[in-house]
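K.L.:
Could you put together the complete structure from these sequences and hints?
Protein sequence lines, in the order shown, are assigned to chains H, A, G and Z. Read left to right, the first sequence gives residues 1 to 146 (full-length UniProt numbering). Read left to right, the second sequence gives residues 1 to 146 (full-length UniProt numbering). Read left to right, the third sequence gives residues 1 to 83 (full-length UniProt numbering). Read left to right, the fourth sequence gives residues 1 to 83 (full-length UniProt numbering).
In short, the hints are calculated from the structure, not lab data.
Example chain A residues on the side facing chain G (calculated, C-beta under 7 Å, incomplete):
hint, residue
1, Gly31
2, Met108
3, Leu111
4, Ser113
5, Ala115
6, Pro116
7, Trp130
Only a predicted model underlies this, so the values are computations on that prediction, with no experimental measurement involved. Beta carbons are placed, not taken as given, at the ideal position from N, Cα and C, and that holds for glycine.
So you can see what is in the structure, the chains are spelled out below.
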Amino acid sequence: MSARVQTEAFDLGQEMQGFGSGSGAVVTFSGLVRDEGGRLVALELEHYPGMTESLMERYGREAAERFQLDDWRIIHRHGRLTVGEPIMMVATAARHRDAAFQAAEYLMDWLKSRAPFWKREIGVDGPGEWVSAREADEDALTRWDR
Amino acid sequence: MSARVQTEAFDLGQEMQGFGSGSGAVVTFSGLVRDEGGRLVALELEHYPGMTESLMERYGREAAERFQLDDWRIIHRHGRLTVGEPIMMVATAARHRDAAFQAAEYLMDWLKSRAPFWKREIGVDGPGEWVSAREADEDALTRWDR
Amino acid sequence: MRLDVLYFAWLRERIGQPKERIETEAATVRDLVAQLIAMDEYHAAALSDLSAVRVAVDQELADLDTPLTGAREVAFFPPMTGG
Amino acid sequence: MRLDVLYFAWLRERIGQPKERIETEAATVRDLVAQLIAMDEYHAAALSDLSAVRVAVDQELADLDTPLTGAREVAFFPPMTGG
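P.N.:
Next comes the structure, spelled out in structure tokens:
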């Protein structure tokens, strides 16, 4: 049960050592930097120190309660991340797969549109545009308000 | 893009080395042997050799097409698996998270109720009952018939 | 025709063997089940409650009405519990 | 009262600094935005289209009507793009 914001890379396998042992179902999501058809060499991620960490903790705990999780982990990087590198991961452990899947999707929907991170594209010619929010990400979040 | 049936354990981290590089979103599901409150020491898994492998391949390919996956992997063990050990895993890689999550859930729903595996509980006093199919698993599968 | 008939999980245990070769004229799975039940008490016990039994013909999921024309392998087993 | 006002991503770039201390009597976020826009062309450019701007008061997501009573930190930024 932990949330981390860091510049360093992380290793999914290492993070998952012993995670959810005792649970029946473990789901992980990893987001990676795409090259967008060769257009990009990296992403630069900025965040809101303080707010990020406390929101990640709060939403992790909320998901744990809502979906009866045995364990959860959120890791989100910032700084310059090159193509192919992991940007973030979410892992959830629960008794059954339904809860583990739903909790992971819930945390991802939340991270995409409520966690204070901003991405800027770094192209072959240097820094480019800030990535715009996808409307689909806002929509995704509203499905949990039931 | 591979399906494997094996007795040996597998390592999630090792399996995920390089998996989905080039994709934006990777989802994994792992199923582990629960001790059911200390009642169990292991599970014994039986399967239908030949049919298992060809169905796993077929459903992997179907999911890849349906959800536009960049990559997928299914590993399912059989034989005697002790408490805490991984039983199986599914991994999916796609451009966006929605497709990766949906494909992983689709493959899990299918594996739970259509892949020819049967589990028997091994308790502290020796072999026990064959695990009954959950009705929820049958229901889960029907949600994809749209 | 000659069919390989396979049993898995508790069906295998009740019948006492994982596989047998059956000489049959059964047109459908239903006919084959009737023939097997008539063989002895073990087959009868295993196949009495068909709501708890699933069947595959040549490794494809099938049902009682599935024809056996050209089939080589029929398998009976409980609902699957993988994953 | 004195507020720390923070800017992120392209708002930070347009305004030219990540943080400034503002002396204000603003009762709500809306009042504060009006004061900032009146300061100079950079603030005006950054805060002209509020539909593209999100705000947090003391690190909690807020909106234009959120009161600033007792607030110490207000942050302006574009819609989030984490994950």
